[in-house]
Amino acid sequence: MKKKKTTIILFSGELDKALAAFIIANGAAAYDHEVTIFTTFWGLNAFRKDEHVPVKKGLLEKAFGMMMPRGPKKLGLSKMNFAGMGPKMIKSVMKKHNAMQLPELIDMAKEQGVKLVACTMTMDLLGIKEEELIDGVELAGVAAYLGDASEGNVNLFI
Amino acid sequence: MKKKKTTIILFSGELDKALAAFIIANGAAAYDHEVTIFTTFWGLNAFRKDEHVPVKKGLLEKAFGMMMPRGPKKLGLSKMNFAGMGPKMIKSVMKKHNAMQLPELIDMAKEQGVKLVACTMTMDLLGIKEEELIDGVELAGVAAYLGDASEGNVNLFI
Amino acid sequence: MKKKKTTIILFSGELDKALAAFIIANGAAAYDHEVTIFTTFWGLNAFRKDEHVPVKKGLLEKAFGMMMPRGPKKLGLSKMNFAGMGPKMIKSVMKKHNAMQLPELIDMAKEQGVKLVACTMTMDLLGIKEEELIDGVELAGVAAYLGDASEGNVNLFI
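Protein chains in written order, with the UniProt record's numbering: chain P, 1 to 158; chain D, 1 to 158; chain C, 1 to 158.
Do not take every clue at face value.
The list treats identical chains as one, so a pair stands whether inside a single copy or across any two.
Only pairs whose alpha carbons sit at most 25 Å apart, straight line, appear in this in silico BS3-like list of lysine-lysine [claimed, not checked]:
#1 56 / 5
#2 5 / 88
#3 88 / 129
#4 4 / 115
#5 73 / 110
#6 2 / 62
#7 56 / 88
#8 62 / 96
#9 57 / 88
Hint data in this document are derived by calculation from the structure and do not stem from the laboratory.
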């Protein structure tokens, strides 16, 4: 039998939305779906390494790189961010309930074979280089996304 | 013939997005789809009772409970909220055009058999108890959502 | 063979989300999908003409009309808007990389036969008249959306 497919476009660069994306992705992978997370625009920040990677960039690209959160530990909340107190509260209750934090959820997704894709058009525009992204991320464009999505029926834009 | 399925994850806790979710859900139910609204994160606030329900909670959970809007009448807007003036304006034009307000849309969804689900993981994290939710809401996790979604093709994340 | 269908509800009125919607729509059309973009709530602003169109309106409708951005060139960003500097930066990097701007993407969508739909319920509520919208936009309600979406499997809410 053909495997079910699930695709998630992660457009938003906020912790709560990235958590939702990876919880659904890991759930779907556990139910044996073929899962793709395609990060675009601000969502790409979830796949950035958290250390500074020295690469050559133009001025605008440098500005974007500096202003945007570097990696899953730096993301804010879409609501009640309170200058960073909100994310701390969320992480704190998650720890209390032994829920996996975003970096663990990303690792689990990799282990389960979830395909992690970074949108090449976004990388060009925001000036993010491949060496700035965490390991195990593929680079692809909207055509690859559509190829996956058109064969599945759980296709979410987060 | 098998019924078509529509699922909506209501993640956002804003009035405008909740309205969109329930208008689509009621439309789909009218066209004889089996419809599920699965509320998670801030979306859960749409299912809270609007009165205070005395339940035992930890400090962080109490803080979340107090900071988050209690029920559909208290939700803000995703844009042009203007410290609460935006929602009043929207409700006012809706009244003028005899459009159903969110509490009525929720009641109508229940009458049409739309399955209303509260995400148990969110309830745990934010410390929301079953007795704080409006009647007719089922509790379930991401597995139940995926079960429904993988059989339908209109699957939205709002 | 029956054509694949892709539908996008564009709910958000921000430049970055509208760009994502039209990039996906144009991609899907290039792969020979039948594509519908259904704009509702703030998303409708992407279809407004950028000049003032004199029409009779009530006071609340006038207020909404004035406060909301008029057309694709006026939209802000969902993140890092910085009082309008963000959109300028994005447009500037897009120009540098020869990426199409939103007005061009909308024209391309029309040329490729993407169905552009404005939600009649939103038009009523926000007091937007047909003559205020760009040419080539159809008017329809949630029933028409559901008709298209229930025959496709890439159905996104942006």
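Against the structure, the hints:
In the homo-oligomer, the alpha carbons of residue 56 and residue 5 never lie at most 25 Å apart, since the shortest distance is 38 Å inside one protomer and 42 Å across protomers. Taking identical chains as interchangeable, the C-alpha atoms of residue 5 and residue 88 are never at most 25 Å apart, the minima being 34 Å within one chain and 38 Å between chains. Taking the closest pair of Cα atoms, residue 88 and residue 129 come within 25 Å of each other only across two copies (22 Å); inside a single copy the shortest separation is 29 Å, beyond that limit. Taking CA atoms no more than 25 Å apart as the test, residue 4 paired with residue 115 passes in both settings, with 14 Å inside one copy and 23 Å between copies.
In this assembly of identical chains, the alpha carbons of residue 73 and residue 110 lie at most 25 Å apart only when taken from the same copy (17 Å versus 40 Å across copies). Taking the shortest alpha-carbon separations for residue 2 and residue 62, neither the intra-copy value of 44 Å nor the inter-copy value of 46 Å comes in at or below 25 Å. Taking identical chains as interchangeable, the C-alpha atoms of residue 56 and residue 88 lie at most 25 Å apart only when they sit on different chains, with a minimum of 23 Å there against 33 Å within one chain. In this assembly of identical chains, the alpha carbons of residue 62 and residue 96 lie at most 25 Å apart only when taken from different copies (14 Å versus 38 Å within one copy).
For the homomeric pair residue 57 and residue 88, the shortest alpha-carbon distance between copies (19 Å) is at most 25 Å, but the shortest distance inside one copy (32 Å) is not.
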